[in-house]
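Line order of the protein sequences matches chains A and B. FYI, numbering that gives the first Met the number 0 numbers position 227 of the first sequence as 226, with every residue one higher than the one before it. FYI, numbering that gives the first Met the number 0 numbers position 96 of the second sequence as 95, with every residue one higher than the one before it.
Hints should not be assumed to be uniformly reliable.
[Stated by the list, open to error] Chain A stretches covered by chain B per the calculated footprint, using a threshold of three residues with CB under 8 angstroms from any CB of chain B:
hint, segment
1, 121–132
2, 265–271
3, 315–329
4, 334–344
5, 352–361
These are calculated hints, taken from the structure and not from any lab test. In this text, a Cβ means the ideal position worked out from N, Cα and C, and glycines have one as well.
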Amino acid sequence: MREHEQRCGKYEYWLAGLSFLPGRKKISLETMFGKAERVFHAEAESLNQVLFLTEREKDYLKKAQKQLEGTERTVEYCKEKHISLVLWCEGGYPQALREIYNPPYGLFYRGKLPCREQRTIGVVGSRNCSPYGKAMAGKIGRELAMAEVAVISGMAAGIDSAAQRGALQSGGYSCGVLGCGIDVCYPAGNQELYERLVAEGGVLSEYPPHTAPLAMYFPQRNRIISGLSECVLVVEAREKSGSLITVDFALEQGKDIYAVPGRVSDVLSQGTNRLIQQGAGIFLNVEDFLNELHIFAKTGENSSLKQKISLENLERLVYSCLGLNPRSLEELLMKTGLSLGVLIENLETLQRKGCVSEIYKNYYIRCDI
Amino acid sequence: MYSIVSTAIVCGIQSILVQVEADVCDGMPAMEMVGVLSSEVKEAKERIRAAIRNSGICLPPKKITVNLYPADIRKSGTVFDLPIALAILAAYGKIPRKYLEGILFAGEIGLNGEIRPAAGVLPMVLAAKEAGKEVVCVPRENVKEARIVEEITILPGESLNQVIKLIENYSKGGWNDEEGGGNCNIEETETYHENIACDFAGIHGQKILKRACEIAASGRHNMLMLGSPGSGKTMAARAVATILPPLTQEEALELAKVYSVTGMFGQREKNFRERPYRNPHHTVSVAGLAGGGAVPKPGEISLAHKGVLFLDELTEFKKPVLEVLRQPLEEREIRLVRKSGTYCYPADIMLIAAMNPCSCGYFPDRNRCTCSKAMIERHLSKISRPLLDRMDLCVEVQRPMLFELTAKETEETSAEVRVRVERTQRIQRKRFRGTEILYNSQIPAAFMERWCSLEPEGEKMMKEAFEQLELTVRGYYRIIRVARTIADMEGAEQIKRCHIQESLLFRSIDRKVWNCE
Numbered sequence: 000m001r002e003h004e005q006r007c008g009k010y011e012y013w014l015a016g017l018s019f020l021p022g023r024k025k026i027s028l029e030t031m032f033g034k035a036e037r038v039f040h041a042e043a044e045s046l047n048q049v050l051f052l053t054e055r056e057k058d059y060l061k062k063a064q065k066q067l068e069g070t071e072r073t074v075e076y077c078k079e080k081h082i083s084l085v086l087w088c089e090g091g092y093p094q095a096l097r098e099i100y101n102p103p104y105g106l107f108y109r110g111k112l113p114c115r116e117q118r119t120i121g122v123v124g125s126r127n128c129s130p131y132g133k134a135m136a137g138k139i140g141r142e143l144a145m146a147e148v149a150v151i152s153g154m155a156a157g158i159d160s161a162a163q164r165g166a167l168q169s170g171g172y173s174c175g176v177l178g179c180g181i182d183v184c185y186p187a188g189n190q191e192l193y194e195r196l197v198a199e200g201g202v203l204s205e206y207p208p209h210t211a212p213l214a215m216y217f218p219q220r221n222r223i224i225s226g227l228s229e230c231v232l233v234v235e236a237r238e239k240s241g242s243l244i245t246v247d248f249a250l251e252q253g254k255d256i257y258a259v260p261g262r263v264s265d266v267l268s269q270g271t272n273r274l275i276q277q278g279a280g281i282f283l284n285v286e287d288f289l290n291e292l293h294i295f296a297k298t299g300e301n302s303s304l305k306q307k308i309s310l311e312n313l314e315r316l317v318y319s320c321l322g323l324n325p326r327s328l329e330e331l332l333m334k335t336g337l338s339l340g341v342l343i344e345n346l347e348t349l350q351r352k353g354c355v356s357e358i359y360k361n362y363y364i365r366c367d368i
Numbered sequence: 000m001y002s003i004v005s006t007a008i009v010c011g012i013q014s015i016l017v018q019v020e021a022d023v024c025d026g027m028p029a030m031e032m033v034g035v036l037s038s039e040v041k042e043a044k045e046r047i048r049a050a051i052r053n054s055g056i057c058l059p060p061k062k063i064t065v066n067l068y069p070a071d072i073r074k075s076g077t078v079f080d081l082p083i084a085l086a087i088l089a090a091y092g093k094i095p096r097k098y099l100e101g102i103l104f105a106g107e108i109g110l111n112g113e114i115r116p117a118a119g120v121l122p123m124v125l126a127a128k129e130a131g132k133e134v135v136c137v138p139r140e141n142v143k144e145a146r147i148v149e150e151i152t153i154l155p156g157e158s159l160n161q162v163i164k165l166i167e168n169y170s171k172g173g174w175n176d177e178e179g180g181g182n183c184n185i186e187e188t189e190t191y192h193e194n195i196a197c198d199f200a201g202i203h204g205q206k207i208l209k210r211a212c213e214i215a216a217s218g219r220h221n222m223l224m225l226g227s228p229g230s231g232k233t234m235a236a237r238a239v240a241t242i243l244p245p246l247t248q249e250e251a252l253e254l255a256k257v258y259s260v261t262g263m264f265g266q267r268e269k270n271f272r273e274r275p276y277r278n279p280h281h282t283v284s285v286a287g288l289a290g291g292g293a294v295p296k297p298g299e300i301s302l303a304h305k306g307v308l309f310l311d312e313l314t315e316f317k318k319p320v321l322e323v324l325r326q327p328l329e330e331r332e333i334r335l336v337r338k339s340g341t342y343c344y345p346a347d348i349m350l351i352a353a354m355n356p357c358s359c360g361y362f363p364d365r366n367r368c369t370c371s372k373a374m375i376e377r378h379l380s381k382i383s384r385p386l387l388d389r390m391d392l393c394v395e396v397q398r399p400m401l402f403e404l405t406a407k408e409t410e411e412t413s414a415e416v417r418v419r420v421e422r423t424q425r426i427q428r429k430r431f432r433g434t435e436i437l438y439n440s441q442i443p444a445a446f447m448e449r450w451c452s453l454e455p456e457g458e459k460m461m462k463e464a465f466e467q468l469e470l471t472v473r474g475y476y477r478i479i480r481v482a483r484t485i486a487d488m489e490g491a492e493q494i495k496r497c498h499i500q501e502s503l504l505f506r507s508i509d510r511k512v513w514n515c516e
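Make the full structure from the sequences, and use the hints.
In structure tokens:
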């Protein structure tokens with residue numbers, strides 16, 4: 000720890016905190032000058048001779064050289080909040096990230112970073128997902144965690160957080176890659192997931208603390224998600240989806256892509272179906288999926304709820320009319336042919352047994368798959 | 000010479016008698032009018048002068064003084080033209096003063112002497128009757144509304160000359176009530192006309208929605224409908240008004256007064272006993288909804304008194320407009336305080352509101368809806384918690400499927416449903432006899448135990464629900480009130496488990512219902 004603090008001095012924090020420079024240029028600068036401190040003190044003349052910096056980057060860099068108070072505050076803040084910084088040249092830095100085209104110079108993180116021995120899979124998808132996508136992502140997260148595979152994702156609303164919640168639920172490791180400062184929980188509604196990730200998994204970001212979640216940071220964040228993962232699984236995506244940026248990065252980095260198929264008519268599955276058409280692997284179940292990656296582990300999410308909980312005849316009838324697509328009360332009334340009173344009674348008991356949930360006023364889905 | 004004529008002004012939906020005195024004497028020719036007059040009353044001076052001249056009556060130049068008393072009430076409105084004109088003529092000696100005795104006059108006069116309709120005639124006639132007057136002279140167009148009041152003679156005024164003749168005739172005993180169409184058109188006010196245009200039978204399928212409508216109508220509960228555009232929310236709201244039992248004579252009269260003071264009596268004329276249905280557009284202002292103005296007029300809430308107020312696109316209403324609903328929903332009347340006094344309008348309404356689940360309207364159909372969770376939450380937050388707390392029932396409305404629309408099955412008509420609603424309301428009236436309460440939705444918390452006894456099973460269920468759904472106390476009682484209505488619909492004395500279950504199904508939304516991730 001002491002050694003680490005020596006390595007990561009305020010000049011390293013300063014260099015890591017420059018958000019206008021891509022990671023690879025920071026690394027090149029540091030190698031060129033030998034130390035981050037020397038970059039900070041570099042003469043204007045020697046900076047001018049750096050070929051890979053654009054004029055604008057040089058200007059910004061010269062301006063940034065004079066300011067260290069902000070960095071000192073950041074160092075204090077990180078110490079106080081138990082935020083660590085790992086640099087590209089340190090042992091704790093994920094090996095996989097070093098190999099990508101534009102590795103981050105340093106990673107701010109809380110909790111644990113993914114460890115070298117563990118297999119990693121990126122699970123990404125739409126933020127405004129359907130109940131089907133949400134249930135699939137949750138199931139995938141749980142089963143991957145059971146196979147001791149780390150789930151890498153972006154902690155966004157929808158698929159990302161469903162998968163990460165699933166992984167944590169089964170006691171697995173999951174890592175959230177943020178597109179904002181490490182201390183900023185975005186979306187704010189995911190506070191509880193954020194806390195759990197800090198405690199049981201990890202959260203990391205290449206941006207310094209307090210960085211606001213701006214749209215321009217997120218595509219760059221996606222290269223870290225794919226970079227950390229051996230393979231990327233897309234659960235749900237529209238034809239034009241941000242998740243496809245992650246896919247592009249993954250392809251660039253030579254990773255495999257898998258996609259969860261869906262109905263042709265579902266807008267949210269059009270992106271994933273298209274990926275399969277273009278040659279992505281098709282995801283049918285976690286066991287097959289892992290076998291293809293040569294991970295042979297027991298995924299054993301054992302049998303559906305139906306077998307665990309005994310259902311009455313009528314309950315079974317109501318249950319059989321439900322799926323992962325939300326069904327309204329009106330439709331159920333017509334499909335089951337039951338009277339309103341009987342239907343309500345059975346829905347109530349099914350809800351109590353945890354087989355069915357009301358996802359929206361008078362709309363119901365199954366809870367398991 | 001001096002003369003005096005009775006008239007009345009409208010104050011809220013009540014009316015106060017006002018006397019018009021006129022004095023004519025020698026002096027500089029002029030006409031002075033005093034008695035706290037608003038500008039439209041002051042302008043009467045010019046109208047009257049022209050109207051008298053154009054009626055062929057010549058007034059020699061003299062000093063005319065007109066006083067309206069009591070002097071501490073601000074006189075506004077246009078009904079003073081006729082009484083002032085008659086007072087002046089009497090003061091000039093053109094008509095005998097005794098002709099004007101015991102008669103209340105009201106009406107606006109045109110420059111040609113023609114008498115034009117006025118607002119608020121019904122409350123005036125009622126006030127006249129209360130004050131012991133036996134005859135009222137009102138504009139011809141307002142005769143129908145004036146005739147609702149029984150045992151008072153109505154003289155229809157058409158023009159200044161005709162009125163002079165009319166009162167002459169009357170005081171000589173030449174007036175025959177039958178000639179004027181008789182006093183009572185009870186037959187017309189007693190019958191209930193079916194509103195065929197928006198009958199309940201017109202809604203195909205949509206069993207859940209219809210069930211919710213019937214519960215809401217039976218216990219007079221407020222209802223919130225959620226659903227995508229074009230799913231039939233407006234139609235259902237219109238139909239709810241038709242399954243409510245007809246107004247009682249007393250209620251109809253009170254409502255007629257509201258319409259009378261706004262000059263909209265014509266709308267009640269055709270179907271006197273029908274429950275009103277008002278659907279103000281979402282751009283309505285606070286004054287438009289609750290009533291207002293320097294001289295207050297009733298707003299949409301009062302026009303929907305004893306009937307249905309339907310607010311479509313609830314989220315589009317301005318927040319202050321929605322908040323103004325809260326007080327009348329509790330107190331069933333609106334009190335407007337002005338410098339000139341406090342005006343009280345009745346506002347006993349059944350509120351039906353409709354809204355889309357999200358700004359595009361298609362949630363939870365993710366094929367069409369791309370709203371993010373934050374957007375949906377923002378959409379919902381346009382409606383305040385206290386208002387949501389006042390919605391007793393909430394129902395999801397789904398677009399009917401084509402085969403339902405074209406199905407040959409005949410649906411129940413409004414009249415058939417109304418029979419059941421009436422029966423349920425009779426049970427309630429019997430239960431609340433001796434109190435001011437009429438419907439289950441009005442049961443105060445203190446009387447819950449007395450009137451809403453739960454079966455042990457149901458009690459257990461409510462206890463679970465209270466904890467699981469994190470209900471507020473208000474929400475808890477609301478569910479029991481609705482369950483009471485459902486039990487009454489079955490004629491059950493005690494509230495059973497199944498009643499609670501159904502009530503929970505239709506419970507109002509909380510923010511958590513949108514579990515949209």
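Hint check:
With 5 residues having a Cβ less than 8 angstroms from any Cβ of chain B, the segment 121–132 of chain A passes the three-residue criterion, so the hint holds. Counting residues of the segment 265–271 of chain A whose beta carbon lies closer than 8 angstroms to any beta carbon of chain B gives 3, which reaches the threshold of three, so the coverage claim holds. Counting residues of the segment 315–329 of chain A whose CB lies closer than 8 angstroms to any CB of chain B gives 4, which reaches the minimum of 3, so the coverage claim holds. For the segment 334–344 of chain A, the assignment as covered by chain B holds, since 4 residues bring a beta-carbon within under 8 angstroms of that chain's beta-carbons and 3 suffice.
Closer than 8 angstroms: that is the beta-carbon criterion, and the segment 352–361 of chain A has 6 residues meeting it against chain B, so the requirement of 3 holds.
Comparing the model with each earlier hint shows no violations; every hint is respected.
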